[in-house]
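A.B. asks: Take a look at the letters that make up each chain.
Protein chains: 2
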Amino acid sequence: MSQIDANWSFISEGDVTPEGFCFAGISAGLKTSKKKDLALILAPEGSICSGMFTQSKVRASCVEICEKRIKKSSGLVRAILINSGQANACTGNFGTQHFLIATSKISELLGIEEEEVLMCSTGVIGVPIPINNLVKNLPKLVSDLQVNSFQNASEAILTTDLTCKKVAIETNIEGRKVRIAGFAKGSGMIYPNMATMLAFLTCDVGVEKEEWEKMISIAIKKSFNAISVDGETSTNDSFIGINTGKKINKKFLSIIQLGIDIVCQNLAKNIARDGEGANCLLEVLVQGAKHDDDAIRIAKSICNSSLVKTAIHGCDPNWGRIIAAAGNSEVEFNLNHVDLYIGDYQILESGNLCQYDSQKVSDYMKSKMNGKYLEEDIVLIILNLNSGLSKGTAWGCDLSKKYVEINSEYTT
Amino acid sequence: MSQIDANWSFISEGDVTPEGFCFAGISAGLKTSKKKDLALILAPEGSICSGMFTQSKVRASCVEICEKRIKKSSGLVRAILINSGQANACTGNFGTQHFLIATSKISELLGIEEEEVLMCSTGVIGVPIPINNLVKNLPKLVSDLQVNSFQNASEAILTTDLTCKKVAIETNIEGRKVRIAGFAKGSGMIYPNMATMLAFLTCDVGVEKEEWEKMISIAIKKSFNAISVDGETSTNDSFIGINTGKKINKKFLSIIQLGIDIVCQNLAKNIARDGEGANCLLEVLVQGAKHDDDAIRIAKSICNSSLVKTAIHGCDPNWGRIIAAAGNSEVEFNLNHVDLYIGDYQILESGNLCQYDSQKVSDYMKSKMNGKYLEEDIVLIILNLNSGLSKGTAWGCDLSKKYVEINSEYTT
Numbered sequence: 099m100s101q102i103d104a105n106w107s108f109i110s111e112g113d114v115t116p117e118g119f120c121f122a123g124i125s126a127g128l129k130t131s132k133k134k135d136l137a138l139i140l141a142p143e144g145s146i147c148s149g150m151f152t153q154s155k156v157r158a159s160c161v162e163i164c165e166k167r168i169k170k171s172s173g174l175v176r177a178i179l180i181n182s183g184q185a186n187a188c189t190g191n192f193g194t195q196h197f198l199i200a201t202s203k204i205s206e207l208l209g210i211e212e213e214e215v216l217m218c219s220t221g222v223i224g225v226p227i228p229i230n231n232l233v234k235n236l237p238k239l240v241s242d243l244q245v246n247s248f249q250n251a252s253e254a255i256l257t258t259d260l261t262c263k264k265v266a267i268e269t270n271i272e273g274r275k276v277r278i279a280g281f282a283k284g285s286g287m288i289y290p291n292m293a294t295m296l297a298f299l300t301c302d303v304g305v306e307k308e309e310w311e312k313m314i315s316i317a318i319k320k321s322f323n324a325i326s327v328d329g330e331t332s333t334n335d336s337f338i339g340i341n342t343g344k345k346i347n348k349k350f351l352s353i354i355q356l357g358i359d360i361v362c363q364n365l366a367k368n369i370a371r372d373g374e375g376a377n378c379l380l381e382v383l384v385q386g387a388k389h390d391d392d393a394i395r396i397a398k399s400i401c402n403s404s405l406v407k408t409a410i411h412g413c414d415p416n417w418g419r420i421i422a423a424a425g426n427s428e429v430e431f432n433l434n435h436v437d438l439y440i441g442d443y444q445i446l447e448s449g450n451l452c453q454y455d456s457q458k459v460s461d462y463m464k465s466k467m468n469g470k471y472l473e474e475d476i477v478l479i480i481l482n483l484n485s486g487l488s489k490g491t492a493w494g495c496d497l498s499k500k501y502v503e504i505n506s507e508y509t510t
Numbered sequence: 099m100s101q102i103d104a105n106w107s108f109i110s111e112g113d114v115t116p117e118g119f120c121f122a123g124i125s126a127g128l129k130t131s132k133k134k135d136l137a138l139i140l141a142p143e144g145s146i147c148s149g150m151f152t153q154s155k156v157r158a159s160c161v162e163i164c165e166k167r168i169k170k171s172s173g174l175v176r177a178i179l180i181n182s183g184q185a186n187a188c189t190g191n192f193g194t195q196h197f198l199i200a201t202s203k204i205s206e207l208l209g210i211e212e213e214e215v216l217m218c219s220t221g222v223i224g225v226p227i228p229i230n231n232l233v234k235n236l237p238k239l240v241s242d243l244q245v246n247s248f249q250n251a252s253e254a255i256l257t258t259d260l261t262c263k264k265v266a267i268e269t270n271i272e273g274r275k276v277r278i279a280g281f282a283k284g285s286g287m288i289y290p291n292m293a294t295m296l297a298f299l300t301c302d303v304g305v306e307k308e309e310w311e312k313m314i315s316i317a318i319k320k321s322f323n324a325i326s327v328d329g330e331t332s333t334n335d336s337f338i339g340i341n342t343g344k345k346i347n348k349k350f351l352s353i354i355q356l357g358i359d360i361v362c363q364n365l366a367k368n369i370a371r372d373g374e375g376a377n378c379l380l381e382v383l384v385q386g387a388k389h390d391d392d393a394i395r396i397a398k399s400i401c402n403s404s405l406v407k408t409a410i411h412g413c414d415p416n417w418g419r420i421i422a423a424a425g426n427s428e429v430e431f432n433l434n435h436v437d438l439y440i441g442d443y444q445i446l447e448s449g450n451l452c453q454y455d456s457q458k459v460s461d462y463m464k465s466k467m468n469g470k471y472l473e474e475d476i477v478l479i480i481l482n483l484n485s486g487l488s489k490g491t492a493w494g495c496d497l498s499k500k501y502v503e504i505n506s507e508y509t510t
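Chains as they are written, first to last, in my numbering: chain A, 99 to 510; chain B, 99 to 510.
These aren't lab readings, by the way, just hints derived from the structure by calculation.
One or more hints might be untrue.
In this list, chains with the same sequence are indistinguishable; a pair is considered to hold if it fits within one copy or across any two.
Distance condition first, Cα-Cα at most 30 Å in a straight line; then the derived DSBU-like pairs of lysine-lysine [claimed, not checked]:
1) K133 - K348
2) K348 - K307
3) K344 - K133
4) K132 - K166
5) K132 - K458
6) K345 - K238
7) K388 - K166
8) K275 - K155
9) K320 - K367
10) K275 - K234
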């Protein structure tokens, strides 16, 4: 257990998750690698669900149907089935067929309404799910449902990810233990405005649908919508957040919001950190902007620049590329006011080049490489526009030959 | 001499260029590599000039001053000085100072007005031009001015480019020989809406300023603004087109427009083809769109996708990524109407997967790799939306480990 802020602490021991939720994750023969590929989340009766989905114009059928079901049921969702290996996007009629077959079977096995079951898919586009394998394994998946199978579920949704992304936090509110937990996948096709990512958040206090949706969207803006691996948006990106519906005094909602923010940012940063071929986490903080949106747009533009990403990979303090990327954000700013820092090293002051030791900046960047998973891998860039009081942060990673290798030879 | 269409032929022999123009290209000690790094174009008296410049919010001083001078002189420009090695962007006061020192000296040496001289720079951002080396070499540069130094000039503007990009074409109009010639540089930081590219076009018939500007912008839309290497826009991107001002009957302007289109497209495709680390030219034709702009936007989105580019590098007919990239263009279309071809192989018909031999499609892609410079390197993707009569083409290249290598270890 380690403290995050005045309220929240990380739960480090075991698979402790919000009360009332069960999880399962198994191998159902959907991936050629025999790794886990099928997960299930079961939420307690009365749970309230919100979802946010890809902004691509080409969306997988599962995305369309999930969105409809959440709307139709007013968010009263009980179960989420997730398969990895196939995105079930661009698969013609199979898209809807396979969704319906799988969710109908789950509803039967769990004794709940079909409309209360969602399904998310991730993996190769255009290849149908081996639906017989999937259906055959559903009874096993359901019988594996446990309070402490959070780890299994988080493993079963991965594709090219090298690590699980999961986090659980807790606090005490009026003597009541409150927990929020989430898990996510994503490694390539990762761009602001959702990404080839799936993320699921569970919370054991109740927040009404409308309020819950608002809280989720605030958290997503500062987390999943502020990361970039490669500028790509997928057909399947989905975030689903469920709370148990167990009411809490409204005055504590700000604490819950903080908790949701922490969980979303933790997962989002771990997606960027685990970017395909990445060796470090790039954190770009833009300060002194006129509006928060401007700040975040510039930060994203820097995180998304191939030339910034390759320079960082080469531990090259090529600050000109950072400024050029900021210039491509479509946000107006005056270069003559700009301060730029890489780590603790000031590079520009009011647009003028400072005296700095280029070798030391390079050494700073080198020291962050392969610190992965230790959270000592953060290359920090701070850009102060000195034109206002707003700020925003975005996260990305370096661009390596490994990224090219992974994506030139992609298999499940 | 090889025929292009009913009117125009390529000039293949020697350095034959439009009448009245002189060129020079020398090494002035601006690059550490001792390669040529300083070029000059001298246009005949009465010439008319138009320019189009980067849309980045951070623009080099040279871009700002060029734009002002063209406006102030109503396009009456005589000389263009170009240096490679340093972009002279984000260099504080040096930006304007060095521009003024260099162009003043050129005007003195050529006996023309200072306002009639432009200067373009390309190379590393944030590093001042070694101005003493540059000034010292200006007399030599001017004395080297020749009708047939087109090749030298086109070499002197290159940075990470592996090849010269130059083209000259000619036709006969009413017994008069008419020529258009252009040269360009660009290899990385290349994205639709200009790129880290400089391009210069010369033409020996006269077209009035307003008309000339219109013709140039039509050509650029279908050429330099339809290519992508890495999604980056630079601080220095510039296109400058000069015609001699020698009037021609207006009824022949459509032939001149065709000629400008040919030269611009030829140069733009060669920039994409020479993209950093590229092994092939990617050509994406989108047909059946409701508007030309929609078609070109989808085509650009596909050309600009890291995942499409890495798939092509791996000769992997991963059509799902093509569709996903089209979905990210913000243009609405119905997937159930879409036909997709890679080369001659049909992949989708009305959104449904066709029977095709994946190995053969991969072999087709393989056969295009390293056909570079032979123009047998074009991987063709055709997407028919079957929703209208409009179409558009964009060009890009594959994304290789070499791109990462070049940009992790960039030196002049």
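A.B. asks: At most 30 Å between CA atoms: does that hold for K132 and K458 within a copy, between copies, both, or neither?
C.D. replies: between (46 Å within a copy, 29 Å between copies)
A.B. asks: At most 30 Å between alpha carbons: which applies to K275 and K234, within, between, both or neither?
C.D. replies: neither (38 Å within a copy, 77 Å between copies)
A.B. asks: My question is about K345 and K238: at a cut-off of 30 Å on alpha-carbon distance, are they close within one copy, between copies, both, or neither?
C.D. replies: Answer is neither; intra-copy 33 Å and inter-copy 83 Å both fail.
A.B. asks: Please sort K133 with K348 into within, between, both or neither, judging by C-alpha distance up to 30 Å.
C.D. replies: Classified as neither: same-chain Cα gap 43 Å, cross-chain 70 Å, threshold 30 Å.
A.B. asks: Should K348 paired with K307 be assigned to within, between, both, or neither, using CA atoms and 30 Å as the limit?
C.D. replies: Result: close within a single copy only, 14 Å intra versus 67 Å inter.
A.B. asks: Using 30 Å as the alpha-carbon threshold, which applies to K388 and K166: within, between, both, or neither?
C.D. replies: This pair counts as between: shortest inter-copy Cα distance 29 Å, intra-copy 38 Å.
A.B. asks: Evaluate K344 and K133 at a C-alpha cut-off of 30 Å and name the case that applies: within, between, both or neither.
C.D. replies: neither (36 Å within a copy, 72 Å between copies)
A.B. asks: One pair to classify: K132 and K166, alpha carbons no more than 30 Å apart. Within, between, both, or neither?
C.D. replies: Classified as neither; 32 Å inside a copy, 64 Å across copies.
A.B. asks: If the cutoff is 30 Å on CA atoms, where do K275 and K155 land: within, between, both or neither? Let me know, please.
C.D. replies: neither (42 Å within a copy, 50 Å between copies)
A.B. asks: One pair to classify: K320 and K367, alpha carbons no more than 30 Å apart. Within, between, both, or neither?
C.D. replies: For K320 and K367, the Cα distance is within 30 Å only inside one copy (11 Å; across copies 39 Å).
The structure fails hints 1, 3, 4, 6, 8 and 10 (numbered hints given earlier, in ascending order).
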